[in-house]
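Produce the complete structure using the sequences and hints provided.
There are 2 protein chains.
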Amino acid sequence: MSLGEFNLIEKYFTANDSGEGIALGIGDDCALINIPLNTSLAVTTDTLNEGIHFFKDTDPYLLGYKSLLVNVSDLAAMGAQPYCFTLSITLPDNSEEFLDGFSKGLFTLANKLKMPLVGGNTSKGPLSVTISAYGLIRDGKCLRRDRAKEGDYIYVTGTLGLPALAVDLGYKKLSLAEDAFDRCYKKSMLIEDRCSFAMALTEVSVCALDISDGLIGDLKHILERSGKGAIIEAELLPKPYEFALYNLDEDYTDRLCLSGGGDYELLFTVPADKESRLFELAESHQVQVTRVGVIKKCGLSITKRGRILDYSDNSFKHF
Amino acid sequence: MSLGEFNLIEKYFTANDSGEGIALGIGDDCALINIPLNTSLAVTTDTLNEGIHFFKDTDPYLLGYKSLLVNVSDLAAMGAQPYCFTLSITLPDNSEEFLDGFSKGLFTLANKLKMPLVGGNTSKGPLSVTISAYGLIRDGKCLRRDRAKEGDYIYVTGTLGLPALAVDLGYKKLSLAEDAFDRCYKKSMLIEDRCSFAMALTEVSVCALDISDGLIGDLKHILERSGKGAIIEAELLPKPYEFALYNLDEDYTDRLCLSGGGDYELLFTVPADKESRLFELAESHQVQVTRVGVIKKCGLSITKRGRILDYSDNSFKHF
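Which chain is which? The protein sequence lines are Z and G, in order. Its first residue numbered 0, the first sequence is counted upward by one per residue in numbering that gives the first Met the number 0. Its first residue numbered 0, the second sequence is counted upward by one per residue in numbering that gives the first Met the number 0.
Among the hints, a few may not be true.
Stated by the list, open to error - Facing chain G, according to a computed beta carbon distance under 8 Å, are these residues of chain Z, among others: (1) ASN33; (2) PRO59; (3) LEU61; (4) ALA79; (5) THR129; (6) CYS141; (7) ARG144; (8) VAL286.
Claimed, not checked - Result set (DSS-like, lysine-lysine): computed pairs, CA atoms no more than 30 Å apart in a straight line: (9) LYS140(G) / LYS113(G); (10) LYS55(Z) / LYS55(G); (11) LYS219(Z) / LYS296(Z); (12) LYS55(Z) / LYS123(G); (13) LYS185(Z) / LYS123(G); (14) LYS219(G) / LYS185(G); (15) LYS171(G) / LYS113(G); (16) LYS172(Z) / LYS123(G); (17) LYS123(Z) / LYS219(G); (18) LYS148(Z) / LYS10(G); (19) LYS123(G) / LYS171(Z); (20) LYS219(G) / LYS10(Z); (21) LYS123(Z) / LYS303(G); (22) LYS303(G) / LYS186(G); (23) LYS55(G) / LYS123(Z); (24) LYS171(G) / LYS123(Z); (25) LYS103(Z) / LYS123(Z); (26) LYS172(G) / LYS123(Z); (27) LYS113(Z) / LYS186(Z); (28) LYS273(G) / LYS185(G); (29) LYS219(Z) / LYS103(Z); (30) LYS10(Z) / LYS296(G); (31) LYS113(Z) / LYS10(Z); (32) LYS113(Z) / LYS140(G); (33) LYS113(G) / LYS140(Z); (34) LYS10(G) / LYS186(G); (35) LYS10(G) / LYS296(Z); (36) LYS219(Z) / LYS123(Z); (37) LYS148(G) / LYS123(Z); (38) LYS296(G) / LYS123(Z); (39) LYS10(G) / LYS185(G); (40) LYS219(Z) / LYS238(G).
Derived from the structure by calculation, the hints contain no laboratory data. Being a predicted model, the structure only gives us computed values, none of them experimental. Positions of the beta carbon are idealized from the N, C-alpha and C atoms, including for glycine.
Printed below as a string of structure tokens:
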């Protein structure tokens, strides 16, 4: 069965097209969206390419979910309320099996976050997904990279390093139990979004980003933009259960956490006197939050039980 | 010389990052944009893939220009005022020669339209460009596909068919003078934007789209959404100078105009009693406007000097 572009869009991508504030959704040359008073629109866009950002033959459900997740992770990093999104998908063919799985994964997250799909396009070529996601920031209350202050504590949500382990397993850089890759890769695609916690976080924080290129690589963006330094205490890094399960070497797992990338967890700073309120918010949102360091005047060191770690930056780079 | 993603962005893609209403541009997880009172945001996204939407080894300047043009063409089709855009570019390598040309083409159009680039990403893979473009619609004054009325005249801007001729030449479906392909292809990449005319057009029209898939294929979207029919008079089709220059067969050029696609001209309807005002607006904006037909109650026929043309739809489809 051959479907033209318009039928494809109609069949798979109009599932949730509705939402307050969407004056005109899919079907015209543009979508029209309304923005409430005293509100800015947060705009982000991210691409996932086969063979670069995900392995060939990835389950389309996982890809659909993660394509949106990496974008809402940027919305969370600003403390924005998810609003709507557009989808540009390039496909080698119009496999309905692929589209069925992909759209289910995509809308699982979109519907949870009440984000209507408002527009997009399909085209032919090597598998690639670009999503642009939109969020609302009310009264200028947002999390920025340039707002870290000396003495702020540094925190991360969730655990770090599992997506990087999945990549190493996928490239056969190490071998573990037979189902280890499937288990780790699936978890690294179905990462939980931090949107509602991030909105609450604006009560105690003004500075955050999401970790896509590795904790240290991304922390450097905060430090550069804020004109500050930091100490990271590696023994505090929140590691996933699988690191113990597979009995992995500690130096190796430190490296996965520090520079592995693909975590899509929040890295943020909070003044020391607001830590107890932070932990209340984390508990009420059932989000694991771990203090991993402190903002300093300048310089960046990574310590392990009080000793300086020799750390060379190998954060994920495309080029 | 190898540049990381952040350096690439900084070197080539911050050239015009400023603009009223942009609260936060490139460099954080999201851009933050403000929307004036009583204004909706028009949102569109479009992708160009090498080998599908443009030929391999296309001059990067032309590609940069056209990547934005196809998106602002959607803004024009709504009557929106261009506001800002994001860029997602996938590159096989980080050729600075490519990036230099591409960014010059891109910003030539962006600066003309005063559209700041507010965000984006670069990644590695087969050459592909996805832009999301944003425009402002004030007080609900916009051009929609579902607003054609019986008796409205149908118009197009510019000329039709040259981009389709360039494609035929590129695929060697016909052979003409040695420089014919270069001449036609360049013109089909450097299409003039219709933004300022489209905003003026909202005075006399409520119904438009841009022709990307061919006049007839796109007219059908208006007819379906408006629940109407139409007659198109093929002898009225505005043809480019090159069709006469190369002494092309009339049936062939009719087909290029009717179903060739890639024109990125506006197709719109205007009530008959507003035609004289339309032509005043067209003249003041120095835009060629041609009446090519009329909206009917139902059905779609194409006539040539009073006789019905046997026309089978072969509008451009990706699948």
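Hints and how they fare:
Taking 8 Å as the C-beta contact cut-off toward chain G, the hint placing ASN33(Z) at the interface holds, the least distance being around 5 Å. Among the interface hints, the one on PRO59(Z) is violated; its C-beta lies about 17 Å from the nearest C-beta in chain G, farther than the 8 Å criterion. The beta carbon of LEU61(Z) comes no nearer than 19 Å to any beta carbon in chain G, farther than 8 Å, and the hint placing it at the interface is violated. At a threshold of 8 Å, the smallest CB-CB gap from ALA79(Z) to chain G is about 7 Å, leaving the interface hint in force.
Interface restraint check: THR129(Z) against chain G, minimum CB-CB distance 4 Å, threshold 8 Å, status holds. Because the smallest distance between the Cβ of CYS141(Z) and any Cβ of chain G comes to about 7 Å, under 8 Å, the interface hint for this residue holds. Against a cut-off of 8 Å between C-beta atoms, the interface hint on ARG144(Z) holds, since the closest Cβ of chain G lies about 5 Å away. A hinted interface residue such as VAL286(Z) counts as satisfied when its beta carbon comes closer than 8 Å to some beta carbon of chain G; here the least separation is about 18 Å, so the hint is violated.
The hinted pair formed by LYS140(G) and LYS113(G) meets the criterion: a straight-line CA distance of about 21 Å does not exceed 30 Å. At roughly 24 Å between alpha-carbon atoms, LYS55(Z) and LYS55(G) fall within 30 Å of each other, so this suggested pair holds. Between LYS219(Z) and LYS296(Z) the CA atoms are separated by roughly 13 Å; this keeps the pair inside 30 Å, and the hint holds. Proposed proximity of LYS55(Z) and LYS123(G) is supported: the alpha carbons are some 15 Å apart, at most 30 Å.
Between the alpha carbons of LYS185(Z) and LYS123(G) the distance comes to roughly 23 Å, so the proposed pair stays at or under 30 Å and holds. Straight-line distance between C-alpha atoms of LYS219(G) and LYS185(G) comes to about 29 Å, which keeps the hinted pair within the 30 Å bound. For the hint linking LYS171(G) to LYS113(G), the alpha-carbon distance of about 38 Å lies beyond 30 Å, and the restraint is violated. Between LYS172(Z) and LYS123(G) the alpha-carbon distance is near 22 Å, which keeps this suggested pair within the 30 Å criterion.
For the given pair, LYS123(Z) sits about 23 Å from LYS219(G) by alpha-carbon distance, which is consistent with the 30 Å threshold. Between LYS148(Z) and LYS10(G) the alpha-carbon distance is near 29 Å, which keeps this suggested pair within the 30 Å criterion. Distance restraint check for LYS123(G) and LYS171(Z): the Cα-Cα separation of roughly 21 Å lies within the 30 Å cut-off, and the hinted pair is therefore satisfied. At most 30 Å may separate the alpha-carbon atoms for a hinted pair to count; LYS219(G) and LYS10(Z) meet this at roughly 19 Å.
Pair hint LYS123(Z) plus LYS303(G) does not hold up; C-alpha atoms about 35 Å apart against a cutoff of 30 Å. Distance check on the hinted pair: LYS303(G) and LYS186(G) sit about 27 Å apart at the alpha-carbon level, within 30 Å; holds. Our distance criterion of 30 Å between C-alpha atoms is met by LYS55(G) and LYS123(Z), whose separation comes to about 15 Å. Using a Cα cut-off of 30 Å, the hinted pair LYS171(G) and LYS123(Z) holds, with the two alpha carbons roughly 21 Å apart.
Taking the CA atoms of LYS103(Z) and LYS123(Z), the gap is about 21 Å. The hint holds against a cut of 30 Å. For the hint pairing LYS172(G) with LYS123(Z), the CA-to-CA distance comes to about 22 Å; that is within 30 Å, so the pair holds. At most 30 Å may separate the alpha-carbon atoms for a hinted pair to count; LYS113(Z) and LYS186(Z) meet this at roughly 23 Å. At most 30 Å may separate the alpha-carbon atoms for a hinted pair to count; LYS273(G) and LYS185(G) exceed this at roughly 35 Å.
Between LYS219(Z) and LYS103(Z) the alpha-carbon distance is near 36 Å, which puts this suggested pair outside the 30 Å criterion. Taken as a hint, the LYS10(Z) and LYS296(G) pair is honoured in the structure, with Cα atoms around 28 Å apart against an allowance of 30 Å. A C-alpha spacing of about 20 Å is found between LYS113(Z) and LYS10(Z), which places the hinted pair at or below 30 Å, so the restraint holds. Among the hinted pairs, LYS113(Z) with LYS140(G) is consistent with the structure: their alpha-carbon atoms are about 28 Å apart, no more than 30 Å.
Proximity of LYS113(G) to LYS140(Z) is assessed by CA-CA distance (about 28 Å); at most 30 Å being required, the pair is judged to hold. Proximity of LYS10(G) to LYS186(G) is assessed by CA-CA distance (about 29 Å); at most 30 Å being required, the pair is judged to hold. Between LYS10(G) and LYS296(Z) the CA atoms are separated by roughly 28 Å; this keeps the pair inside 30 Å, and the hint holds. Our distance criterion of 30 Å between C-alpha atoms is broken by LYS219(Z) and LYS123(Z), whose separation comes to about 38 Å.
For the proposed pair LYS148(G) and LYS123(Z), the alpha carbon gap of about 35 Å is over 30 Å, so the pair is violated. Restraint check for LYS296(G) and LYS123(Z): the C-alpha separation of about 36 Å exceeds 30 Å, so the hint is violated. As the CA atoms of LYS10(G) and LYS185(G) are separated by approximately 27 Å, the hinted pair is consistent with the 30 Å bound. A distance of roughly 56 Å separates the Cα atoms of LYS219(Z) and LYS238(G); the hinted pair therefore is violated under the 30 Å criterion.
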